[in-house]
Structure formats: structure tokens, C-alpha cells
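Student: Just so you know, we're using this note's numbering here: the sequence shown kicks off at 1 and counts up by one.
Since the hints were derived computationally from the structure, they do not count as laboratory data. Honestly, I wouldn't trust all of these hints.
To be verified - Distance condition first, Cα-Cα at most 30 angstroms in a straight line; then the derived DSS-like pairs of lysine-lysine:
{"hint": "1", "residue 1": "Lys63", "residue 2": "Lys2"}
{"hint": "2", "residue 1": "Lys63", "residue 2": "Lys82"}
{"hint": "3", "residue 1": "Lys63", "residue 2": "Lys76"}
As the list claims (entries may be wrong) - Label-pair ranges, simulated between beta-carbon atoms:
{"hint": "4", "residue 1": "Gly33", "residue 2": "Ile139", "range": "45 to 53 angstroms"}
{"hint": "5", "residue 1": "Ala11", "residue 2": "Thr35", "range": "43 to 51 angstroms"}
{"hint": "6", "residue 1": "Gln136", "residue 2": "Val25", "range": "25 to 33 angstroms"}
{"hint": "7", "residue 1": "Gly132", "residue 2": "Val21", "range": "40 to 48 angstroms"}
{"hint": "8", "residue 1": "Lys76", "residue 2": "Thr42", "range": "17 to 25 angstroms"}
{"hint": "9", "residue 1": "Lys2", "residue 2": "Leu105", "range": "21 to 29 angstroms"}
Being a predicted model, the structure only gives us computed values, none of them experimental. Note that beta-carbon positions come from the ideal geometry of N, C-alpha and C, so glycine has one too.
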Amino acid sequence: MKEAEIRRLLAANLLCALSIVLTAVVPSFFLEGFTVLGTHLTWLCVCSVCVGALNVSLHLVLKPSQSPKRSSFAQKISRFLKCCIYFFMSCILFHAIIVLYGAPLIESVTETFLFAVLLSTFTTLQCLCILGPNIQAWIRVFSKNGSPHFSPSSLLHLSPCRVLNNIFTIVCFYLVFSPQVWPISCSLGATFGYMAGLIIAPLWIHWNRKQLTYKSR
């Protein structure tokens with residue numbers, strides 16, 4: 001990646017991290033009694049919507065140049081609907097995984113599903129913005145034996161974010177067994193991991209820029 005691309009990536013990531021901080025402060029001016037812990041479900045909704053909207057907006061602003069072949073309006077609608085379906089499937093998958101890890105199956109269904117939506121917003125949404133509903137592109141990027149020629153620089157920052165996200169989530173998941181309201185510890189752990197990854201990833205790319213540039217050729 002070029003230095004300008006790294007700076008643009010860092011600026012976009014800092015903006016995402018700032019938006020998460022603002023979701024804990026700004027709603028208190030409009031919603032009486034709003035707190036991250038006291039009205040946690042409301043915060044989950046606000047955080048997911050704000051982060052999702054910002055990621056989509058940044059993708060539309062910072063997306064690479066359009067290909068010479070333009071898509072028709074029907075194709076764009078079909079692509080959008082497929083992305084929505086994949087995102088919903090991701091939420092269902094995360095919900096099932098969380099339940100398998102020990103979350104309440106029938107009780108607190110709303111809390112578990114909103115937590116799954118938050119995780120999907122942190123992980124799946126940005127991949128959908130970059131790769132779209134193209135299954136072959138997903139396989140080429142995330143497969144161990146994927147094509148070395150397919151390495152979009154926009155996805156390079158996802159791995160550190162996801163690793164830290166998962167580490168914080170797993171560690172905080174077991175804190176739920178202490179007297180806390182589900183899923184406060186897990187959602188906060190995932191959020192802190194996501195924010196840490198957003199900040200660390202551009203620095204990691206900057207330090208390993210030569211190797212990444214060589215691999216992408």
C-alpha cells in the first residue's frame with residue numbers, strides 16, 4: 001500500500017472509532033436516562049446503526065474507480081438485496097454460535113440477537129461493502145489456498161481487527177458468569193477489541209508495507 005492509502009485508511013478507522021465513542025455520549029442528549037450500561041439494548045441498536053451507516057458511507061466515498069462496464073439499476077438492486085440477505089444470515093449464524101457458547105436460548109433472545117447484529121456489523125458488513133455478494137471473491141480472499149493475485153488492500157486491515165475483536169469477546173464472555181446483565185461484558189469486549197484493531201491495523205500495515213506490497217504483486 002502507498003503512504004497516502006495508509007493515511008486514508010488510518011483516518012477512516014479513527015473516524016469509525018470516534019463514532020463508537022459518540023454513540024455512548026450523544027444519545028444522552030436526546031434520550032432521557034440513556035447510559036451504555038443502564039440502557040444497553042438501546043446502545044447496541046444505536047452503535048450498530050451508526051457504525052454500519054458510517055462503513056457504508058466511507059465505502060461509497062473511498063471506493064475505487066468504477067469499472068468501464070456499468071451495472072444496470074436492476075443489477076444494483078439485486079446486489080443490494082443479496083448483501084442484505086447475507087448480512088441477516090450472518091446475524092443468525094452469530095446468534096447460533098453465541099447460544100452454543102452458553103447464552104440463554106429462550107430467555108434474553110432479544111439481547112442475544114442484538115449482540116449478534118453488533119458482531120455482524122463489526123465483521124461481515126465491511127466485507128460485504130468491499131467484496132459484495134460474490135461468493136468466489138470471498139473464497140479467493142479468505143481461503144488458505146486462495147489466489148495470491150487477489151489481495152485487495154482494503155481488506156488487509158480486517159485481520160487484526162477481527163483477531164482482537166474475537167479475543168476480547170471470548171475473554172469477556174466468561175465474565176458473564178459473574179453477576180452482570182447479559183450481554184454487557186461481551187458487547188463491550190467486542191467493541192473495545194474492534195476499536196483497538198482499527199487503530200493498530202494501519203500501524204501494522206505501515207511497518208509491514210514492503211512485504212505486503214511484494215505479496216500483492
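Student: Give a verdict on every hint.
Tutor: Hints, one by one, checked against the model:
Simply put, lysine 63 and lysine 2 have alpha-carbon atoms about 16 angstroms apart, close enough for the 30 angstroms limit, and the pair holds. At roughly 19 angstroms between alpha-carbon atoms, lysine 63 and lysine 82 fall within 30 angstroms of each other, so this suggested pair holds. About 15 angstroms separates the Cα atoms of lysine 63 and lysine 76, which keeps this hinted pair within 30 angstroms; it holds. Between glycine 33 and isoleucine 139 the C-beta distance comes to about 47 angstroms, which sits within the given range of 45 to 53 angstroms.
A hinted range of 43 to 51 angstroms is violated for the C-beta pair alanine 11 and threonine 35, which are about 30 angstroms apart. Distance hint check for glutamine 136 and valine 25: the Cβ-Cβ separation is about 42 angstroms, which falls outside the suggested range of 25 to 33 angstroms. Under the hint 40 to 48 angstroms, the C-beta atoms of glycine 132 and valine 21, about 30 angstroms apart, miss the expected range. Separation of lysine 76 from threonine 42 is about 33 angstroms and departs from the stated range, judged on CB atoms against 17 to 25 angstroms.
The supplied range of 21 to 29 angstroms is broken by lysine 2 and leucine 105, whose beta-carbon atoms lie about 49 angstroms from each other.
Violated hints for the displayed structure, listed by number in ascending order: 5, 6, 7, 8 and 9.
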